[in-house]
Amino acid sequence: MRLERVLGLLMLAGTIASLALMALGISLYFLQHGEEVSVSERWVVRSRSFLEFVASIGEGPSLSVVLMKAGVATLMLTPYSRAVISLVYFAARREWKFTAITGLVVTALSALLMLPAAPS
Amino acid sequence: MVGVIEVILVSLAAGFLGSLTGLGGASVTIPLLVLLGVPVKHAIASSLISVIATSTGSSSSFVTEGVTNLRAAMFLECFTITGAIAGAFLTVTVSPTAVALTFSAVMIASLLLTRVVRSPQEPGSVKQDKFSSWLGLEGSYFDPSVGKEVSYKLTNALYGGLAMAWAGAVAGMLGIGAGAFKVAIHETVLKMPTKVSTSTSNLIMGMTALAGAGVYVASGLMVLDLAAPMALGTTLGSALGSRLLTRMRDVNLRRLYFALAAASASVMLYRALVLGV
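Listed in order, the protein sequences are those of chains C and W.
For the first sequence, the working numbering gives the first residue as 1, with consecutive numbering after it.
For the second sequence, the working numbering gives the first residue as 1, with consecutive numbering after it.
Just so you know, the hints here were simulated from the structure itself, not pulled from any lab data.
Careful: at least some of the hints might be erroneous.
Calculated pairs, DSSO-like style, for lysine-lysine (alpha carbon to alpha carbon, straight line, at most 27 Å) [as the list claims (entries may be wrong)]:
no., chain 1, residue 1, chain 2, residue 2
1, C, K97, W, K148
2, W, K153, W, K130
3, W, K130, W, K195
4, W, K127, C, K97
5, W, K148, W, K195
6, W, K153, W, K127
7, C, K97, W, K195
8, W, K130, C, K97
9, W, K127, W, K148
10, W, K195, W, K127
11, W, K153, W, K195
Partial list, derived from the structure: chain W residues whose beta carbon lies under 8 Å from chain C [claimed, not checked]:
no., residue
12, S61
13, L70
14, E77
15, K195
16, G206
17, A213
Even glycine gets a Cβ: it sits at the ideal position worked out from N, Cα and C.
Extracted from the complex, chain C is given alone in its bound form (with noise of 0.2 Å):
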């Protein structure tokens, strides 16, 4: 399969799936906290860093909290898993250029979403 159709089946499937898991965590917040967005402790995201974040989706407190958690985990690890498909791709295919390239991005973008932020 060449690498656009991968790349736009997983684009595709990745915004569904995140779309759904966000709208079914809205309507169960809807239900259960009523109709006020509050900027509180339990909304705010308070991880050192995205793996934390998302080691703690089962956490919740609420099911709503958890929807909400994983349909944003799904969405960024989207374009995350497509510069990791982009990566194998490139290598498989002996481009070294866009391997190393590649891994540039892949290895920043591991580094930002996986190491905890300091303490401030």
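Once you've looked at the hints, dock chain W against the given chain C.
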């Protein structure tokens, strides 16, 4: 504070208008939410999730059809993600007033950008520089309007990359896609054909927004019950807008672009200078 339905409706309208004009949904959503009382830094951080959603959603078909130049995108993303990380760190560090003033200045700059006369170059007539040639930055796509395959070469890759780092910084700092800047750089510096430029810029926006969002997730500025309805509303709105785009007259779209960019700049300026954000 605003309600969930309000956020969805505001984002839907902003996504629709942003997609029609090319200004982008986030450039309209953020000032509207700030006007409704959402803290500017929270609005910016949460908005990047909707930028990822609209970028991945709208890019999928262009990527599948082969219009997007994946190699050029990957090369330019090295620069945009660096800029986005730096820009997002800047927003975390500086005062909300400074962020709002920068937002206003960038909206005014995007107004001026449309005044820059671009002289479209024939895709086949571009002379590549050595670095772009070494990278092999070229491609082809089928253009239904002329009924044939169009081949093109890109040039000035290094300068284009450096300019894209600046566009990435704007995107990361202000929570927007900065598509107007990216497309201008693609076409004026890299000499990218318009269709390739628009679709490649769309793809780059998602990766750039991811880098900015990575910083905001770790800095306590991302708000879940704001990010999720914003992403949902903006994506649906921009999907509707892109369907209507071909039926609108260019002159009306241009007027709308000016009105929206001027309104966004004014709102942020008012919040920063009069209300102190």
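Evaluation of the provided hints:
1. C:K97 / W:K148: With Cα atoms ~30 Å apart, K97 (chain C) and K148 (chain W) exceed 27 Å; violated.
2. W:K153 / W:K130: 12 Å, holds
3. W:K130 / W:K195: 24 Å, holds
4. W:K127 / C:K97: 21 Å, holds
5. W:K148 / W:K195: The given pair, whose Cα atoms are some 14 Å apart, holds under the 27 Å limit.
6. W:K153 / W:K127: 8 Å, holds
7. C:K97 / W:K195: 25 Å, holds
8. W:K130 / C:K97: OK: K130 (chain W) and K97 (chain C) at ~15 Å, within 27 Å.
9. W:K127 / W:K148: Given that 27 Å is the threshold and the Cα spacing comes to 22 Å, the pair holds.
10. W:K195 / W:K127: 19 Å, holds
11. W:K153 / W:K195: Holds, at about 14 Å.
12. S61: S61 (chain W) check passes; min Cβ-Cβ to chain C is 7 Å, inside 8 Å.
13. L70: Where the cut-off is 8 Å and the nearest Cβ of chain C is about 7 Å from L70 (chain W), the hint holds.
14. E77: The hint holds - E77 (chain W) has a Cβ within 8 Å of chain C, the shortest such distance being about 5 Å.
15. K195: 15 Å, violated
16. G206: 4 Å, holds
17. A213: Cβ of A213 (chain W) sits 6 Å from chain C, so the hint holds.
Violated hints, in rising order: 1 and 15; the structure is consistent with all others.
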